[in-house]
Amino acid sequence: IMTIATLRPDGWPQATTVGYVNEGLTLYFLCGLESQKAGNLTQDDRVSLTIDHDTPQVMEITGLSMAARAQAVTDLAEAEKVLRMLPLKYPQQVSLPGPMPTPDQVRIFRVMPTVISVLDYSKGFGHTDVVTC
Numbered sequence: 012i013m014t015i016a017t018l019r020p021d022g023w024p025q026a027t028t029v030g031y032v033n034e035g036l037t038l039y040f041l042c043g044l045e046s047q048k049a050g051n052l053t054q055d056d057r058v059s060l061t062i063d064h065d066t067p068q069v070m071e072i073t074g075l076s077m078a079a080r081a082q083a084v085t086d087l088a089e090a091e092k093v094l095r096m097l098p099l100k101y102p103q104q105v106s107l108p109g110p111m112p113t114p115d116q117v118r119i120f121r122v123m124p125t126v127i128s129v130l131d132y133s134k135g136f137g138h139t140d141v142v143t144c
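Numbering (my numbering), first residue to last: 12 to 144.
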């Protein structure tokens, strides 16, 4: 699961939980055509995001946080590829309440990290390794 923070026009950050897929370090997520995220990203492509999961023990916490840039996917072949990748990420999903959206029904974003912080509490409380892309 990924939480992505965009910047609203008034300067306040907006954090939203989204599903995502990745191809290497390139991340993709989709949202509604008229969503606040889509509108925010047309004004400012900078995002911060986290990818993580809950753990039963504090010292087992791991996760990623990133500074990145998000651009709308406009290439139809790339958009269709992303939409094919999404169901593969959730193999236990029996069915969706409706058909998968088509590229013209959603906004798909490509997220390219610039800085990645790798959080691993097993190496010490709050231990983070920083990677610049």
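The set of hints was computed from the structure by calculation and includes no laboratory data. For every residue, glycine included, the Cβ atom is placed at its ideal position computed from N, Cα and C. Please note: incorrect hints may appear among the correct ones.
[What the hints assert, rightly or not] Calculated pairs, SDA-like style, for lysine to any residue (alpha carbon to alpha carbon, straight line, at most 25 Å):
1. Lys92 with Thr73
2. Lys100 with Gln54
3. Lys92 with Gln82
4. Lys134 with Leu36
[As the list claims (entries may be wrong)] Derived Cβ-Cβ restraints for the label pairs, each shown as a range:
5. Glu45 with Thr14: 31 to 37 Å
6. Leu44 with Glu71: 24 to 30 Å
7. Asp131 with Asp55: 29 to 35 Å
8. Pro67 with Leu44: 36 to 42 Å
9. Lys100 with Glu71: 33 to 39 Å
10. Arg95 with Pro24: 19 to 25 Å
11. Glu71 with Gly109: 17 to 23 Å
Here is what the structure says about each hint:
no. : hint                          : in the structure
1   : Lys92 with Thr73              : violated (29 Å)
2   : Lys100 with Gln54             : violated (30 Å)
3   : Lys92 with Gln82              : holds (16 Å)
4   : Lys134 with Leu36             : holds (23 Å)
5   : Glu45 with Thr14: 31 to 37 Å  : violated (21 Å)
6   : Leu44 with Glu71: 24 to 30 Å  : violated (39 Å)
7   : Asp131 with Asp55: 29 to 35 Å : holds (30 Å)
8   : Pro67 with Leu44: 36 to 42 Å  : holds (39 Å)
9   : Lys100 with Glu71: 33 to 39 Å : violated (23 Å)
10  : Arg95 with Pro24: 19 to 25 Å  : violated (32 Å)
11  : Glu71 with Gly109: 17 to 23 Å : violated (37 Å)
In this structure, the earlier hints numbered 1, 2, 5, 6, 9, 10, 11 are contradicted, and the remaining ones agree with it.
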